[in-house]
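Chain by chain, the residues run as shown.
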Amino acid sequence: EAGVAQSPRYKIIEKRQSVAFWCNPISGHATLYWYQQILGQGPKLLIQFQNNGVVDDSQLPKDRFSAERLKGVDSTLKIQPAKLEDSAVYLCASSLMGGSSYEQYFGPGTRLTVT
Amino acid sequence: GQQVMQIPQYQHVQEGEDFTTYCNSSTTLSNIQWYKQRPGGHPVFLIQLVKSGEVKKQKRLTFQFGEAKKNSSLHITATQTTDVGTYFCAGPNTGFQKLVFGTGTRLLVSP
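Taken in sequence, the protein lines are chains A and B.
Read in order, the letters of the first sequence correspond to residues 3 to 117 in my numbering.
Read in order, the letters of the second sequence correspond to residues -12 to 98 in my numbering.
One chain only, chain B, in its complex shape (with noise of 0.2 Å):
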């Protein structure tokens, strides 16, 4: 079946460092979705990339979707102790009803 993998399984970055994960899918992929879950909490949706080659933007983090449309990455400039948590891409499988969830990168930032 589908995978979707995701590199690094877990990085413990200082506070002002700048962090990326990446995605990979096994499967070209029509669109991704990236979600973020705090320590104890749900995921929470952040953004959808749809086109080839997209970036994103929203402050400090970056989104982007590969040109070949099989992965994907996420950075996050100068991080800060709010950014902690799980970072989930998801993306849909074959029949595209429903989403994948890769395997996320836990982020910890020290003060």
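In isolation and in its complexed conformation, chain A is listed as follows (with noise of 0.2 Å):
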């Protein structure tokens, strides 16, 4: 079974420039989160879809971060524009029903640097 694929692995980009992030979930699965981690610290969830719908988005910065699921598959999330704080580790996970009793799969994550 594939797992979570993510890309980019590593971006740089300075502050004000805008990046995005692409996720390919398990097969199968309904629902894929995205998580930011700052070093040293858990995974925080940024948005959570089921299916092609939003669950959760309440930690989401809307002013500036943007995500979509727009076939129920594959996801995107976008930064624009970046502040230096958004230098974090982005995760993506997926999970095959929603909830908090499954079991989350996550990619390798995409570690971006803004300078």
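If you're looking for bench data, these hints aren't it; they were derived computationally from the structure.
These numbers were taken from a predicted model, which means no experiment stands behind them.
You may find that some hints are simply not true.
As the list claims (entries may be wrong) - If the Cβ cut is set under 7 Å, some of the chain A residues that face chain B in the computed set are: (1) Trp24; (2) Leu47; (3) Asp76.
As the list claims (entries may be wrong) - If you anchor each label on the Cβ, the simulated ranges turn out as follows: (4) Thr115(A) / Lys46(B): 31 to 41 Å; (5) Ala7(A) / Arg25(B): 11 to 21 Å; (6) Gln43(A) / His(-1)(B): 14 to 24 Å; (7) Pro10(A) / Thr64(B): 13 to 23 Å; (8) Gly27(B) / Thr78(A): 37 to 47 Å; (9) Leu86(A) / Gln(-10)(B): 18 to 28 Å.
Each residue gets a CB set at the ideal place from its N, CA and C atoms; glycine is no exception.
Hints in hand, dock the two standalone chains.
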């Protein structure tokens, strides 16, 4: 079974630039998550999709972050414009269904450095 | 909002020593999950606990869910260098829609 795929693996941009990340979840997984993990901290949920609908985006900084999962499969997360504090690893995860009782499978992440 | 705290933040042990990390929630949890993240890697699911007082074992790892379902622990017997990484607990938020990850415990094992 193929795992969660993410690209790019690394990205360096200057502040005020824009950046986009891509995620392809495990086939058949209805729920897709985007997390932000700052060095030394636990993953923080940015947005959760159930198929192509948003379940939770309460911690997504909507003035600069956006995400979509148009066909209910792969997803993109965009930051525009980036700030220095956005430097982090962005993890995509998927699970068979939503809710907190399902195991989440994480992708390798994208390490973003904003200079 | 809900908080999930872990102690210690960091522990350095000699190979063969035991290790325990504790997870405490500000609210009662319906279930708790544990994940391991190797240095430079991504979180990998280890186990889920659901019942009050539940104890589960995976080889040298023992997971326990507190009687009040507000705390949990992970104990590793006779650590090995392959145990190096950060261990996270994660519990559901009030609406049970999402997981809230703990602060993590970073384990370093010296040979």
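Evaluation of the provided hints:
A least Cβ separation of about 16 Å between Trp24(A) and chain B goes past the 7 Å threshold, and the interface hint is therefore violated. A distance limit of 7 Å between C-beta atoms decides the matter here; for Leu47(A) the minimum to chain B is near 5 Å, and the interface restraint holds. Interface hint at Asp76(A): violated, since its Cβ lies 18 Å from the closest Cβ of chain B, which is beyond the 7 Å cut-off. Taken as a hint, the range 31 to 41 Å holds for the pair Thr115(A) and Lys46(B), whose Cβ atoms sit roughly 37 Å apart.
Evaluation of the 11 to 21 Å hint for Ala7(A) and Arg25(B) yields a pass: the beta carbon distance comes to about 19 Å. Checked against the hint of 14 to 24 Å, the pair Gln43(A) and His(-1)(B) passes, with Cβ atoms roughly 20 Å apart. Remark: the range hint 13 to 23 Å for Pro10(A) to Thr64(B) is contradicted by a beta-carbon distance near 40 Å. Gly27(B) and Thr78(A) have their C-beta atoms about 24 Å apart, which leaves the hinted 37 to 47 Å range violated.
For Leu86(A) and Gln(-10)(B), the hinted distance range of 18 to 28 Å is satisfied, since their beta carbons lie about 26 Å from each other.
Violated hints, in rising order: 1, 3, 7, 8; the structure is consistent with all others.
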